[in-house]
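S.K.: The primary structure of each chain is shown beneath.
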Amino acid sequence: MASVADRNLVDRRDGAGSGLAAGTARRLGEAAPWVVLGVLGVWSAVALTEQFVVGIIVGSLYALAAVGLTLIYGIARVSHFAHGDVMMLSAYIGFFAFTGSVAGAGASDVTLPLGLASLPGATERIWLFSFGYGLVLAILIAAVAAVPILLAIDRAVYRPLLSRGASTAIVAVSSLGVAIAVRGVMLLVWGPSGRRYSQGIRDTVELPGLPRIVADQLFILATAAILAMAAYVLLYRTRLGTAMRATADNPDLARASGIDTGSVRRWTWAVAGFLTAVAGCLLALQSQLSPELGFVLLLPIFASAILGGIGSPHGAFIGGLVVGVIGETTVGAGWIGPGYKLAVTFVVLIVVILFRPGGLFGSRS
Amino acid sequence: MINRSRWLPIAIVGFVTLLLVGLPLERTGNVRAVVDFLVPALATMAIFAVVCIGLNVQWGYTGIFNFGVVGFFLVGAYTAAIVTMPPADGEFSTYVGGFGQTLANVPLPGAAHWVPHLVGALAAAGISAVLALLLAWPMVRLREDYLAIALIGTAEVLRRIATEEQWLVNGSRGLAGIPRPLAGLADGDTYKYLFLALALATLALIYLLIDLGIRSPWGRVLRAIREDEGAAAAAGKNVNGFKLQGFVLGAAIMGAGGAFYAFQQGAISPETFTHFFGTFIIWAMLIAGGSGNMAGAIVGTYVIWGLWSVTLQLQGYDLPRFLADRVPHLRDTIIGLTIVVVLLVNPRGLVPERARVSRWLDRRVSSMRRAEKATTSPAAD
Amino acid sequence: MSGTQAPALLAEGITSGYTEVPIIRNVSVSVAHGEIVTIIGPNGAGKSTLLKTIFGFLRARTGRVVVDGAEVTGMPPERLVRRGLAFVPQTDNVFGSLSVRENLTMGGFTLGAEMEQRIERVLGLFPLLAPRLRERADRLSGGQRQTLALARALMLDPTVLLLDEPSASLSPVMVESVFSHVAAINGQGTAVLMIEQNARHALAISHRGYVLANGENRLEGPAAELLQSDDVRRLYLGE
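If you're matching them up, the sequences are chains U, X and D in order. Each residue of the first sequence is one higher than the last, beginning at 922 in this note's numbering. Each residue of the second sequence is one higher than the last, beginning at 222 in this note's numbering. Each residue of the third sequence is one higher than the last, beginning at 13 in this note's numbering.
By construction, these hints were calculated from the structure, which means they are not laboratory data. Be aware that a few hints might be false.
[Stated by the list, open to error] Simulated crosslink set (EDC-like; lysine to aspartate or glutamate; CA at most 16 Å straight-line):
#	chain 1	residue 1	chain 2	residue 2
1	X	Lys458	X	Glu448
2	U	Lys1262	X	Glu385
3	U	Lys1262	X	Asp257
4	X	Lys413	X	Asp257
[Claimed, not checked] Coverage of chain U stretches by chain X, computed from C-beta distances (three or more under 8 Å per stretch; other residues unrestricted):
#	segment
5	1016-1028
6	1100-1109
7	1208-1221
8	1258-1270
Model, not experiment: these values are computed from the prediction. Even for Gly, the Cβ is constructed at its ideal location relative to N, Cα and C.
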C-alpha cells in the first residue's frame, strides 16, 4: 500500500516538475497557434479588408451556432448532427413570423394574415437597414420558438436513448434522423426553393478606415456581439452558468453538490436553441434560406466548435470567427473558386482534427 | 416477443410487396406495366442493397458512423463511368479517362460486353477504398464523431468537385452514354431482365464474400472489437488497424454499388448525388432493417426503397394539388422519422442480428438495465 | 452525542449492486452525531458500493437510509445534499475546469445570501485555499485538490460527511494532513463516515469502525478495539 502511495508521489513529481524547459516548450506550443492566427489575421485584415470584414460577420454567426453546439455536446452529451437543420428551421420560423407565407400549390405561396410585416409600420426601414421592427420581432419569435422545439426533441429522442444507456454513436445516428426529419418539415411547409427575408435595396455605410459595408451587416455584427457577451456573462458570471460548466466538467460531482442536472440540461438546450436560432435568422438575412443548406452548415459549425476545443464555449466563439475569415478571405484572394467556400472550411477542420484534436487553444489533446 | 419479431418483418415485407404490385396494377390495370415498373425497381434495390451492405460493414461491424456515404457512392459511379466510356470528344464533353474502347479490344472472348465494366467496377471499388484509406487512416484513432463530420465534409467536397471541375468529369453537365454491361446479349426490351439478374448476382456475390469474411478469424476479431474494444486491445489486437480495414472494405463495396448505379442509369450528373439520396436513405435502410447483419440490410433496403418508390405513384392519383406537390417531401420526413422511431422503439431493427453475438447483446441489455436501475437518470425530473 | 437522539445516519439492511448479482447484502451501519466512523475491508468488499448506495448514486434493492431521523431511501444525490448528507468521491472530486472559488460556490449551490459567509467559514478551516481562489482547480497539487474537495463538500454544513478513501493516491505527508483535516472537520461537530484502505490511520482518528468482507458486515466496534483485534491486525494492518 505504501508502495502505491510512493509510486503516485513519484508520478506526481514527474508530472508537475518536468523542468522549466518543458514548461516553456509547452507554453510556446500553446502560444504558437495564437501567433500564427494573429499574423494571418492581421495580414488578411490589411490585404483583404473587405473579405476580412465579411468573414468576421459570417464567422460571428458560425460562432453563435457553435457555442450552442459545444454546450449541447458538453452538457447534454449529444453530438448534435441536427444542429444545422435546426438553425435553418429557425430561420424559416423567422421568415414565417415576418411574412406569414408558406408554400402553396405549385410555385405559389399562401400568405396567412399573421405576418408581422402586416403590422402598421413594421416594414418601415430603421436607419439604413433594409428592414423595420417587424423583422426584428420575427427574429425574436424564432429564437423563442426554437427553445420548446429543441426541448421537445431532447425529451422525445435523445434523453430516452441516453437514459437507456445508448452509446454516443447511437445518439449521433438518431440526431441524423432528426436532421432529416427537420429538413423534411422545412420542405413540406416552405418548399424547396430558396427564399429571402427582404428584397429591398441594401444601403451601405462607410466607417472610418473600413470598406463600405452593408448596413444590415452592422446589425448582424452588433446582434452577434451582444449575444456573445450575454452568453459570456451567463456562463462565467452567474450561478446557473457556473452550474452548466460544472455539469459539463463532472456530472456526478454536480449532482453531489446539489445541482439538478436535469434542469441544467434543459437550460442548456434553451440557451443553445436561442443562440442558434438567432444565428440562423441572421445568416438568412446575410444570404438566404434554403432547406438544403442546413445539413451543409454542419461543416463550419462543427469546424468552429472543434477548432475552439469541443466543449469550450469561448473557444467555439473564436473558432467561428477564424472559420468565417478563412472561408471568405481564401475565396476573396482568388486562391479558390467560390464554389469551394465550404471546402476550405472542411480543410481547416481536417487540419485541426489531425494536428490539434483538442482544439487550437485546448489544453488537453 | 419472440413471436412478434418473427411475424413483424414478414408482415411488413408482405405489405410493401402488396403495394409494389398493387399500386401500379391499380393505376394501369396492366400486368405488363407492373413488370415494367417492378423489374428496374428491383435492380435499383439490389444496387442500394449493395451500398447498404457497405454501410453495414462500417457501422454494423466496426461502429464507424459514416454520414458521408454519398461521397463513396459518387466516386464509384464516376470512376466506373470514366473507365467504361469512350474518350471524351472535347467539344460537348470533357473528362479524364475514357478507356472503354481500349478495354473492349482486350483479346478475350466477348471482351466488349464485359471487360470494360468489370474493370470499371473494380476501379470504382479500388478508388473508393483508396479514398477511405486516405481519410480514415489518420483519423481512425480519433473520436468517431470527428470522423463522421470529416466524412460529411468529404462528401460535400466531392459533390462540389463533380459540379465545378469541367475538365475532370464534365462538371454540372454530367456524363451521358455510359455503356451498359452485357448490352449485346439482349435486345432493348429484354435487357432489363438481364440487368436485374446481373445486379442480383452481384449482390449475392458480395453477400457471400462478406459473410465468409465475417465468419473468418478476421471477422471474429472485428466483431470482438465492436463488442469490447478494450478487451480486444488487451488481447493484443490492433484495434485501429482492424477498424480501418472494415471501414475501407465497406467503402469499396459502396464504390462498387456506385458503379452499378452508373451502369443502370447510363447517365449521371452531380445533382443525383445529394446527401439525401446517397446518405440519408441508406441509413434509414440499415437502421430499419437491423444493423449488424446483412439480411437486415437487404430487408431494410427492400422495405424503405419499396415504400419510397411506390409512394411516388400516389402523385398519379387525383390528389389536391396542394397535397400532390408535397408527397416527395412527406417521404423525406418519414425517412428521418423512421431512423428515430426504430432507434427508440426497436433498436435491433426488422431483422435482428442473430445468436452469433448474443453474448454481446446480452451484455448490452444487462448494462442498459443496470444503467436504468443504478442511477435514477440524471435527466429525470 | 446524546444517547436518546436519532443517529445522524442510519443505513439498515442494505442490499445493492450494479447488476442482478448484489455486491453488498444486508449491510447496516450507523453514525451518531459528532462521530467519526470508518469502514475498512479488503478490495471488493463492497465499501464503495455501500457509500454510493447511501448517497443515492445506486438504488438499494433492500433496506433503508435514515438521516437525522428522516427516511431518505431512494432519494437522488441532488436532493440528499439538502437533507444534510455530503459526499467526497475518491477521484474526480473537484471541478477541474472551474476556479477554486467556483468550486466552492458549486458546493453551496443551494445556498442563498449566506454564500459569502460560508465561503469565509470554509476558508477559515482550510486557509491554504484562500490565496488560490482564482486558480483553476486542475492546476492545484494533489493535496490541495483533496483539501478543496473537502471544502466543497462542507459548504452546505452537512450533518454527515461521506468520504470515499480520502487518502488514496496521496503522498504520506499529504495523508497526514488529510486525516488532520478530517479530525478538524469533526471537531466542528460534523459526523464523518469514511471508507479507507489506510486502516491504521483512519481508525486512529475514528470513534468506531466497521469491517466489511464479501459484501457483508463482519465486525464492528470502537475503533480502539478494532485496532487491537487480532483478525483486523492480521488481515488489514499487515501484522
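S.K.: Next step is simple, just say for each hint if it's right about the structure.
M.R.: Checked hints:
Proximity of Lys458 of chain X to Glu448 of chain X is assessed by CA-CA distance (about 13 Å); at most 16 Å being required, the pair is judged to hold. Of the pairs offered as hints, the one joining Lys1262 of chain U and Glu385 of chain X holds, with about 12 Å between alpha carbons and a cut-off of 16 Å not exceeded. Restraint check for Lys1262 of chain U and Asp257 of chain X: the C-alpha separation of about 44 Å exceeds 16 Å, so the hint is violated. At roughly 9 Å between alpha-carbon atoms, Lys413 of chain X and Asp257 of chain X fall within 16 Å of each other, so this suggested pair holds.
Restraint check on the segment 1016-1028 of chain U versus chain X: 4 residues with Cβ-Cβ distances below 8 Å, three needed, restraint holds. Coverage of the segment 1100-1109 of chain U by chain X holds in this model, with 9 residues showing a Cβ closer than 8 Å to a Cβ of that chain against a need of three. Note: the segment 1208-1221 of chain U has 5 residues with beta-carbon separation from chain X under 8 Å; the three-residue rule is met and the coverage holds. Only residues whose C-beta sits within less than 8 Å of a C-beta in chain X count toward coverage, and the segment 1258-1270 of chain U has 8 of them, enough to reach three; the restraint holds.
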